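Undergrad: Read off the chains here:
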Amino acid sequence: DSGVTQTPKHLITATGQRVTLRCSPRSGDLSVYWYQQSLDQGLQFLIQYYNGEERAKGNILERFSAQQFPDLHSELNLSSLELGDSALYFCASSVGAGSYTGELFFGEGSRLTVL
Amino acid sequence: AQTVTQSQPEMSVQEAETVTLSCTYDTSESDYYLFWYKQPPSRQMILVIRQEAYKQQNATENRFSVNFQKAAKSFSLKISDSQLGDAAMYFCAYRSAQGGSEKLVFGKGTKLTVNP
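Here the protein sequences come in this chain order: A and B.
Quick note on the numbering used here: the first sequence kicks off at 1 and runs consecutively.
Quick note on the numbering used here: the second sequence kicks off at 1001 and runs consecutively.
Excised from the complex, chain A in its bound form (with noise of 0.2 angstroms):
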């Protein structure tokens, strides 16, 4: 068990609707990541969060917007949903800024079906 909590584990939907992922970080950790893992492919790397302030953005398209918390926690939002989104979405989470050992911490992710 990372420490990472990503809820809902699947989530089926149709083309045009919107969703929202969440993810609670490990306890302690500021940084929070999201990542796109479609059919036979890599982590895509879409955008980072660092004690609520967007630190880095990846090909996140425009359809979708991130935030964190107060709390820390992170929410993703993807919305007009079209079948090529249809993936598994991690969120990750570090101790911050220029952490020493340099490694994510990632939770299960978040299976999502667009018909």
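Worth double-checking, as some hints may not be accurate.
Straight-line C-alpha distance at most 27 angstroms; calculated DSS-like pairs for lysine-lysine [to be verified]:
(1) A:Lys57 - B:Lys1073
(2) A:Lys57 - B:Lys1108
(3) B:Lys1078 - B:Lys1111
Residues on chain B that point at chain A, a partial pick, calculated with CB under 10 angstroms [what the hints assert, rightly or not]:
(4) Val1019
(5) Ile1046
(6) Gln1057
(7) Ala1097
(8) Gly1107
(9) Lys1108
Non-contacting residues of chain B with respect to chain A, defined by C-beta distances greater than 12 angstroms in every case (computed) [as the list claims (entries may be wrong)]:
(10) Met1011
(11) Glu1015
(12) Ser1022
(13) Gln1051
(14) Lys1073
(15) Asp1081
(16) Gly1085
(17) Gly1100
(18) Pro1116
Source of the hints: derived by calculation from the structure; they are not laboratory data.
The structure displayed is predicted, hence computed values, not measured ones.
A virtual CB, placed ideally from N, CA and C, is assigned to each residue, including glycine.
With chain A held as given, fit chain B onto it using these hints.
TA: For chain B alone, coordinates are given in the frame of chain A:
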């Protein structure tokens, strides 16, 4: 931008044998971290081993070891005495140590099959 390449989409090994997974990366930075993560069918991402670029000594963790060749920008993973539980996707990842984001850049992965 940094990139990570895993040239072996799939590998197989006999139980108790040794297998090496390849990884190369492209960067202009001198200080960084490299990782191998394992993703079993449960899909959980599990850290296998970590290497700091400033350390010349190759990292080892029990049956897992790396061959880090900084000049060649190569970071291979060797699994000794392979076990059925080692079957998984293995991802190589890079992280800059020069400030900015702490995000990891991943390769596309290598699927490892362990045959009994």
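Undergrad: Each of the hints needs a verdict: does it hold here or not?
TA: Structure-based check of all given hints:
At roughly 26 angstroms between alpha-carbon atoms, lysine 57 of chain A and lysine 1073 of chain B fall within 27 angstroms of each other, so this suggested pair holds. With a C-alpha separation of about 20 angstroms, the suggested pairing of lysine 57 of chain A with lysine 1108 of chain B holds against the 27 angstroms cut-off. Distance check on the hinted pair: lysine 1078 of chain B and lysine 1111 of chain B sit about 14 angstroms apart at the alpha-carbon level, within 27 angstroms; holds. Given hint, valine 1019 of chain B at the interface with chain A, is violated; its Cβ is 20 angstroms from that chain's nearest Cβ, farther than 10 angstroms.
About 8 angstroms separates the beta-carbon of isoleucine 1046 of chain B from the nearest beta-carbon of chain A, less than 10 angstroms, and the hint is met. Against a cut-off of 10 angstroms between C-beta atoms, the interface hint on glutamine 1057 of chain B is violated, since the closest Cβ of chain A lies about 17 angstroms away. A hinted interface residue such as alanine 1097 of chain B counts as satisfied when its beta carbon comes closer than 10 angstroms to some beta carbon of chain A; here the least separation is about 7 angstroms, so the hint holds. A hinted interface residue such as glycine 1107 of chain B counts as satisfied when its beta carbon comes closer than 10 angstroms to some beta carbon of chain A; here the least separation is about 6 angstroms, so the hint holds.
A distance limit of 10 angstroms between C-beta atoms decides the matter here; for lysine 1108 of chain B the minimum to chain A is near 4 angstroms, and the interface restraint holds. Methionine 1011 of chain B, annotated as away from the interface, keeps every beta carbon of chain A farther than 12 angstroms; the closest lies near 15 angstroms. For glutamate 1015 of chain B, the non-interface assignment is confirmed: its Cβ lies about 26 angstroms from the closest Cβ of chain A, beyond the 12 angstroms cut-off. Taking the minimum C-beta to C-beta distance to chain A, about 15 angstroms, the non-interface status of serine 1022 of chain B holds against the 12 angstroms cut.
Consistency note on glutamine 1051 of chain B: stated as away from chain A, yet its beta-carbon is not over 12 angstroms from all of that chain's, at 10 angstroms minimum. Here lysine 1073 of chain B stays apart from chain A, with its beta-carbon at least about 18 angstroms from theirs, past the 12 angstroms limit. Consistency note on aspartate 1081 of chain B: stated as away from chain A, and its beta-carbon is indeed over 12 angstroms from all of that chain's, at 25 angstroms minimum. Remark: the non-interface label on glycine 1085 of chain B is consistent with the geometry, its nearest Cβ contact in chain A lying 17 angstroms away (cut-off 12 angstroms).
At roughly 7 angstroms from the closest C-beta of chain A, the C-beta of glycine 1100 of chain B falls inside 12 angstroms, breaking its exclusion from the interface. Distance check for proline 1116 of chain B against chain A: the nearest CB is about 25 angstroms away, which clears 12 angstroms, and the non-interface claim stands.
Checked against the numbered hints above, the structure violates hints 4, 6, 13, 17; every other hint is satisfied.
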